[in-house]
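Chemist: Next come the chains, spelled out residue by residue.
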Amino acid sequence: MKKEGLLNKTWFRYILNAACILLLFGLISILVSSGVVNRYQAMILIPVGYNIILATSLNLATGFLGQLPLGHAGFMSVGGYASALFSMAVDWPAAIEFPVALLIGGLVAAVFGMIIGLPALRLKGDYLAIITLGFGEIIRVIILNLKFTGGAFGLRGIENHTTLTSTFVWVVISLFVIFALIKSRHGRAIIAIRENEIATESVGISTTYYKMVAFSVSAFFAGIAGGLCAHYLTLLNAGDFGFMRSVEILVMVVLGGMGSIIGSVVAAIVLTLLPELLRGFSEYRLIIYSLLLVIMMIFRPSGLFGRYDFSLSNSLLKIKGKITNSSRKKGATHHES
Amino acid sequence: MTFLYQLINGIQIGSIYALVALGYSMVYGIVMLINFAHGEIIMIGSYITWYVMSQMGLHPAIAILAAILFCALFGALIEKVAYKPLRKSERLSLLITAIGISLLLQNTAQLIFSANPRMFTNIFAGSIQIGSRQFSNATFVTIIVSVLIMIGLTLLVNKTKIGKAMRAVSEDNDAAQLMGINVNHTITFTFSLGSALAAVAAILYCCSYAQIQPTMGSMLGLKAFVAAVLGGIGSMPGAMIGGFCIGIAESLTKGYISSQLADAVVFGILIVVLLIKPTGILGRHISEKV
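Just so you know, the sequences run in chain order A and B. Per my numbering, residue 1 is the first one in the first sequence, and the count goes up by one each step. Per my numbering, residue 1001 is the first one in the second sequence, and the count goes up by one each step.
Among these hints, one or two may not hold up.
Claimed, not checked - With beta-carbon atoms standing in for the labels, derived distance ranges:
1) A:Val90 / B:Ala1210: 46 to 54 Å
2) A:Ile295 / B:Ala1125: 39 to 47 Å
3) A:Arg300 / B:Thr1002: 51 to 59 Å
4) A:Ser34 / B:Ser1258: 51 to 59 Å
5) A:Leu274 / B:Leu1156: 46 to 54 Å
6) B:Thr1002 / A:Asn237: 28 to 36 Å
7) B:Ser1127 / A:Ile115: 42 to 50 Å
Said to hold, decoys possible - Residues from chain A shown here face chain B by an in silico Cβ test under 7 Å; the list is partial:
8) Leu123
9) Gly134
10) Glu137
11) Ile298
Unchecked claim - On the chain B side, residues computed to face chain A include the following (Cβ under 10 Å):
12) Tyr1028
13) Leu1086
14) Leu1094
15) Leu1095
16) Ile1096
17) Ile1099
18) Val1229
19) Ile1233
20) Ile1271
The hints are simulated quantities; they were obtained by calculation from the structure and are not laboratory data. The beta carbon of each residue, even a glycine, is placed where N, CA and C say it ideally should be.
Sequences are here, hints too, so could you generate the full structure?
Modeler: Printed below as a string of structure tokens:
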């Protein structure tokens, strides 16, 4: 059955989504420039942005590949340091320097992801969690002991490049790439590994290759997020990228639903804004996080959204279908009477 | 002499790791779960001992007993509340729950006792002079107590009825149930036993390192876990060997290379072990069934 209608055409879907993204961006910038959202609130939107990137990229490895890496903050710190060191070393105009620095951060993180992934992905489940945790800790200890990363004092004097616009652009890029990857042939292979690794291998899909793809793409975007974070905070401290940070990202993924991108986005927004709104409860923040993790796992292990993913065109199609259905029913009853 | 000194220090910290690693290994053997909250039991044990001894002013022996009993009960409680409902669900959920429990305990302790470190009075004060070096009594007490516990534990697992039940459950859960073994009791007992060992390790650790804080358990727990993996997770003699190896490696790194890199070396060992022989020194190889 061939589906007719504009909404079923791929190009129309792309244009529709692009228009919505532009509208959203326009809305945010109007809100900021008109002062409805004040400067402080606008600044919080940047961590919201890079947390979205972190959560979705971890979701690629956890929700879609079905592994549990516990060193995501390690990739983030590698990317952050790499891009910060680059932007401090060169003196190009910010418009060129910043994207290049971010890309370098992402690439370095992806290379680390491959170096770690190649041996680590031979293991599975618990062992993979432990080995990535170990690598995360090693990265932290090494950064703390190197000279050019500022050691225990942290890296200071990073140029402040991260703006709301650039964060928004990178969030869109990373969501698009991860979404497109999942919907492609490669993505189906990755999901197949999650469902049954042995069966996947026996139909001739190279599990190692696809694991590496998912793992390094995940690390790449963690690196990008690290770069955004570095150029936003203007100082980096290796101590901030320990095991706890990895767990915080994991909480976002688990809460939103392992295998749901919209879930990760919503969870990242909520869990970044919530502590800002509840300043007085900051000491309870991690207690609430951990309780959430345990309660979610016992009562709703699939997370808030499960594996549901939002698609604008499909939702519109559904609405349209409902309208035509109901009008057809009305017509039918009318005819009978 | 320096070498001997570092070696004895290594054996001391190694025996603490071994005690904790035994807990990890026993629990993994029975429910196939890496109990991330095990490190936090060490922290709780330390705080209980400190509280009973320094705040309530009671005799150290009572404090030690209280800590061991409390931790044993607490370990069983965690199993009942958090892990039991998930026993049939995916491994990933179980692992995430364990991480959640660990974070929960750590942050609750931070709220109750504050993040500031507390001073722990050494129960086994005094020192012995060997050659030109001073060794504290705590060092020898630690080594002797650990070795005695390990002998006791080996006897318990191999000679008693409950030990037999533990081995049976770790061999095949369902078959054990069919043979009339109460699997739930056995699992609870294993968690309590592991937690009691962690409490002993906590007291021994605090006597040498004097400081306790809410985050002390996580690093100690992770290193003990590395020891368990090195020895072969699920194997008890493996956990002991692994504990001593990690302790000695760490102590020698601190003595000869750099004290900051000690953690990196420990995790480096973990990675090398996982790559070369993921089942560890004494671990059984479990073949995968389709």
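Chemist: Any hints from earlier that this structure breaks? Give me their numbers in increasing order, please.
Modeler: The structure conflicts with no hint, since it agrees with every one listed earlier.
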